[in-house]
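Those protein sequences? They're chains A and B, same order as listed. According to full-length UniProt numbering, the first sequence holds residues 1 to 100 in order. According to full-length UniProt numbering, the second sequence holds residues 1 to 319 in order.
If you're looking for bench data, these hints aren't it; they were derived computationally from the structure. If you're wondering where the values come from, they're calculated on a predicted model, not measured in any experiment. The beta carbon of each residue, even a glycine, is placed where N, CA and C say it ideally should be. Check each hint, because a few of them may be wrong.
[What the hints assert, rightly or not] What follows is a set of in silico ranges between Cβ atoms, one per label pair, in the way DEER data are often shown:
{"no.": "1", "chain 1": "B", "residue 1": "Asp-110", "chain 2": "A", "residue 2": "His-11", "range": "24 to 34 Å"}
{"no.": "2", "chain 1": "B", "residue 1": "Ser-307", "chain 2": "A", "residue 2": "Gly-25", "range": "51 to 61 Å"}
{"no.": "3", "chain 1": "A", "residue 1": "Cys-6", "chain 2": "B", "residue 2": "Asp-110", "range": "26 to 36 Å"}
[To be verified] Only part of the chain B face toward chain A is listed, based on derived beta-carbon distances under 8 Å:
{"no.": "4", "residue": "Cys-31"}
{"no.": "5", "residue": "Ser-32"}
{"no.": "6", "residue": "Cys-33"}
{"no.": "7", "residue": "Gly-34"}
{"no.": "8", "residue": "Leu-86"}
{"no.": "9", "residue": "Ser-105"}
{"no.": "10", "residue": "Asp-108"}
{"no.": "11", "residue": "Glu-118"}
{"no.": "12", "residue": "Leu-136"}
{"no.": "13", "residue": "Ala-202"}
{"no.": "14", "residue": "Asp-204"}
{"no.": "15", "residue": "Gly-205"}
{"no.": "16", "residue": "Ala-232"}
{"no.": "17", "residue": "Cys-233"}
{"no.": "18", "residue": "Asp-267"}
{"no.": "19", "residue": "Pro-310"}
Below, each chain spelled out in residue letters.
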Amino acid sequence: MQCPKCHAPMHTYNRNGVQIEQCSGCRGIFLDYGELEALTRVESQWSQPAPPPPGAPQAYPSAPAPAWGAPQHGGHGGGHYGGHGGHHRHKSFGHMLFSS
Amino acid sequence: MTVDSLLPALTAVARDAAHPATAVPRPRGACSCGAEDTLLADRDDGTVVRHGDVVAKVHAPDTDPHELARRVLAATCLPGILLPPLDPAPAGLLGRRVTLWPYGSPVDPDTPDAAPWEEAATLLARLHRTPAPDGLPPMRGPVKAARAVARLRAAGPHPAAAPVLGAWAALPGWARAEAPMPDTATLCHGDLHLGQLVRRPAPDGPWLLIDVDDLGVGDPAWDLARPAAWYACGLLPPDEWLRFLTAYRDAGGPAVPADGDPWPALDVAARALTVQTAALAIAKSAAARRPLDEVQQAVVDACDRMSALPPELPRGFAT
Numbered sequence: 001m002q003c004p005k006c007h008a009p010m011h012t013y014n015r016n017g018v019q020i021e022q023c024s025g026c027r028g029i030f031l032d033y034g035e036l037e038a039l040t041r042v043e044s045q046w047s048q049p050a051p052p053p054p055g056a057p058q059a060y061p062s063a064p065a066p067a068w069g070a071p072q073h074g075g076h077g078g079g080h081y082g083g084h085g086g087h088h089r090h091k092s093f094g095h096m097l098f099s100s
Numbered sequence: 001m002t003v004d005s006l007l008p009a010l011t012a013v014a015r016d017a018a019h020p021a022t023a024v025p026r027p028r029g030a031c032s033c034g035a036e037d038t039l040l041a042d043r044d045d046g047t048v049v050r051h052g053d054v055v056a057k058v059h060a061p062d063t064d065p066h067e068l069a070r071r072v073l074a075a076t077c078l079p080g081i082l083l084p085p086l087d088p089a090p091a092g093l094l095g096r097r098v099t100l101w102p103y104g105s106p107v108d109p110d111t112p113d114a115a116p117w118e119e120a121a122t123l124l125a126r127l128h129r130t131p132a133p134d135g136l137p138p139m140r141g142p143v144k145a146a147r148a149v150a151r152l153r154a155a156g157p158h159p160a161a162a163p164v165l166g167a168w169a170a171l172p173g174w175a176r177a178e179a180p181m182p183d184t185a186t187l188c189h190g191d192l193h194l195g196q197l198v199r200r201p202a203p204d205g206p207w208l209l210i211d212v213d214d215l216g217v218g219d220p221a222w223d224l225a226r227p228a229a230w231y232a233c234g235l236l237p238p239d240e241w242l243r244f245l246t247a248y249r250d251a252g253g254p255a256v257p258a259d260g261d262p263w264p265a266l267d268v269a270a271r272a273l274t275v276q277t278a279a280l281a282i283a284k285s286a287a288a289r290r291p292l293d294e295v296q297q298a299v300v301d302a303c304d305r306m307s308a309l310p311p312e313l314p315r316g317f318a319t
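Work out the full structure: start from the sequences and follow the hints.
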């Protein structure tokens with residue numbers, strides 16, 4: 001779609017599961033019906049995280065990741081290549097950590 | 001001048017710097033001080049030799065001597081952030097530039113889980129908050145990314161090349177070193193990875209950044225972009241990424257907003273570093289005639305996913 005203000009093309013982004021359109025020219029943002037409320041809801045969840053369920057300790061909250069990120073970002077413990085908690089880190093990634 | 005003659009000459013430079021009072025040419029054989037000559041790195045972009053407490057680095061053949069001098073000089077005035085050189089002026093050696101540094105102990109490559117993520121982030125935040133010295137050239141991150149892509153193209157056809165080149169083409173010109181960077185005021189390291197940290201005095205002094213070859217002014221997000229890319233590709237566990245990001249924010253680092261989603265600020269640089277990593281992985285695997293491993297494939301896959309999603313547009317940044 002085109003920006004209603006400056007008529008430059010608008011690109012769609014996924015922000016915490018909410019689709020938003022941003023103008024490539026003036027950086028303006030277009031929200032569909034209900035999307036502002038959805039963003040506000042996500043924000044309040046972020047600032048007041050629910051306590052972790054008993055028996056499933058999680059030291060850190062889930063971190064935002066880009067839309068092009070690895071699919072396993074969505075779940076818990078989903079097959080990280082690097083290995084969680086310092087165990088079994090892939091040798092190739094160990095090399096990558098030190099390479100230009 | 002040959003590569004064969006460069007290493008003994010560099011070793012002699014390191015020995016002479018370690019023993020200035022008794023400097024005599026002893027390019028071969030054991031040094032009377034008992035310290036060994038250790039080859040710390042030997043790559044196309046530089047060779048590094050240690051003798052005792054001294055490290056001598058010969059820089060890449062295409063290094064701009066004027067720019068290198070500016071970068072080394074900058075390292076003399078960033079105490080507690082960058083390891084200062086032993087001599088603020090690079091010297092000549094067989095047509096190359098040589099710099100001398102005190103030895104610092106690096107992150108142990110065998111125990112990357114002990115990586116000092118918080119210290120690295122804090123050092124970067126302090127670097128980014130320091131006013132850039134006058135005359136410092138642009139940081140060379142985008143140039144390095146462009147070189148990696150050129151190396152990929154030179155490696156010949158490869159089934160994984162198309163998504164990497166596609167992701168590269170979608171980046172703004174500044175990230176491909178084809179246009180000036182939008183930020184020309186912030187002091188950046190330009191090539192941050194775990195090999196760029198040492199403890200001085202060795203072995204348990206404070207951590208410092210090393211390697212000024214890519215130091216300069218530019219978008220500080222570039223210095224966060226390698227860990228960001230590793231995290232986005234599913235390689236760096238979320239807790240290690242969050243430790244790094246949180247420490248950077250706690251130290252007042254300006255590359256990302258103090259809270260909220262950091263990705264609008266990181267997206268372009270993290271994409272560029274992902275492309276750079278993928279391009280080098282493909283070029284190296286093609287040269288060695290071996291397939292990509294799962295880690296390398298994960299980086300290529302991330303490039304593939306980028307193609308469907310144009311880069312985000314940070315506030316106030318021109319494309």
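With chain A as the partner, please determine if B/Cys-31 meets the hint condition of a C-beta pair closer than 8 Å.
Constraint on B/Cys-31 not satisfied, violated at 28 Å.
When the least beta-carbon distance from B/Ala-202 to chain A is tested against 8 Å, hint result:
violated, 18 Å
Grab the minimum C-beta distance from B/Leu-86 to chain A and call the hint holds if it beats 8 Å, violated otherwise.
violated, 23 Å
Just to be careful: measuring from the Cβ of B/Glu-118 to every Cβ in chain A, is the smallest value less than 8 Å?
violated, 14 Å
Is the interface hint for B/Ser-105 satisfied, with its Cβ closer than 8 Å to some Cβ of chain A?
Not OK, violated: B/Ser-105 not within 8 Å of chain A, min 14 Å.
A range of 26 to 36 Å was offered for this pair. Does it hold for the Cβ distance of A/Cys-6 and B/Asp-110?
violated, 55 Å
I want to verify a distance hint. Is the separation of the beta carbons of B/Asp-110 and A/His-11 within 24 to 34 Å?
violated, 44 Å
Starting from the hint 51 to 61 Å, judge whether the C-beta atoms of B/Ser-307 and A/Gly-25 obey it.
violated, 22 Å
Report holds or violated for the interface hint on B/Asp-204, using the least CB-CB distance to chain A and a cut-off of 8 Å.
violated, 20 Å
For the restraint on B/Cys-33, tell me whether the closest CB of chain A is nearer than 8 Å.
Cβ of B/Cys-33 sits 29 Å from chain A, so the hint is violated.
Any CB of chain A closer than 8 Å to the CB of B/Ser-32?
Check failed: Cβ of B/Ser-32 comes no nearer than 33 Å to chain A, outside 8 Å.
Quick check on B/Pro-310 please, does its C-beta sit within 8 Å of some C-beta on chain A?
Status holds, d = 5 Å.
Checked against the numbered hints given earlier, this structure breaks hints 1, 2, 3, 4, 5, 6, 7, 8, 9, 10, 11, 12, 13, 14, 15; the rest are met.
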